[in-house]
Amino acid sequence: MTSFVQRVMQNPLLAPVYEHAYRPALALALMGFDFDHVRHEQQHTVEALRLVPGSRVLDVACGPGLFTRRFARAVAPDGLAVGVDLSVPMLTQAVRRSAGVLDAPAYVRGSAHALPFPDAAFDAVSCYAALYLIPDPRRAFAEITRVLRPGGRVALMASAESTYGVVRRVQHAVLPRTGLRMFADDDLTGWLADYGYDEITRERHGVAQYVSGTRC
1 MTSFVQRVMQ NPLLAPVYEH AYRPALALAL MGFDFDHVRH EQQHTVEALR LVPGSRVLDV
61 ACGPGLFTRR FARAVAPDGL AVGVDLSVPM LTQAVRRSAG VLDAPAYVRG SAHALPFPDA
121 AFDAVSCYAA LYLIPDPRRA FAEITRVLRP GGRVALMASA ESTYGVVRRV QHAVLPRTGL
181 RMFADDDLTG WLADYGYDEI TRERHGVAQY VSGTRC
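In UniProt numbering, the protein residues as written are 1 to 216.
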């Protein structure tokens, strides 16, 4: 069954305003209105993924390609940036925004539960602002690991549950009905540890957490 939030993300009315209105507003709210971090979020991600010219990078749940286009510039001229998303309206907008752009990324429609790529196909994989919307996020992470080569880098941004017990209980009681989930502080880092990653780092900004690591 499709959740309310998933239906919203499939709505063609959202795609044109996502990049300039919805995503910036959501980011500021999630990150406790940390304007400086939001302003440099893309560059921080490029650094976390250790992208260099020639890298092959995958942007899972890429939406309209906001980060994918930045990745494409970082890996140009000989690299490859690919965005994958389940939403046709989002991908349509992504292709439209990349039209005529030198070193434009490629876009593929697909599910995070079954990424349409071979094993170890990428040097880096990013998944931002999506794991808390995906019905089985652990399965999506397993797929991310499958398509990431040994020695490759992963960067994730997801929700972080409140540090206050009363608020946490409300979050876990109410948000799942909308299709959203809140992750505990050690959920994502625990997944990376379980899959044998090293160089694991985690930063928290508001109710958003950024986790990165290197696949062994």
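Hints are computed from structural coordinates only; laboratory data are not their basis. From the three backbone atoms N, C-alpha and C, an ideal C-beta is built for every residue, glycine too. Certain hints may be false.
[What the hints assert, rightly or not] Distance windows between CB atoms, simulated:
| # | residue 1 | residue 2 | range |
| --- | --- | --- | --- |
| 1 | Val167 | Ala76 | 42 to 52 Å |
| 2 | His172 | Asp103 | 41 to 51 Å |
| 3 | Val167 | Asp119 | 36 to 46 Å |
| 4 | Val170 | Val95 | 17 to 27 Å |
| 5 | His40 | Val101 | 14 to 24 Å |
| 6 | Val88 | Thr178 | 20 to 30 Å |
| 7 | His172 | Ala106 | 19 to 29 Å |
| 8 | Arg169 | Ala99 | 43 to 53 Å |
| 9 | Val108 | Val170 | 35 to 45 Å |
Could you check the structure against the hints above and give me the numbers of any it violates, in ascending order? 4 and 7
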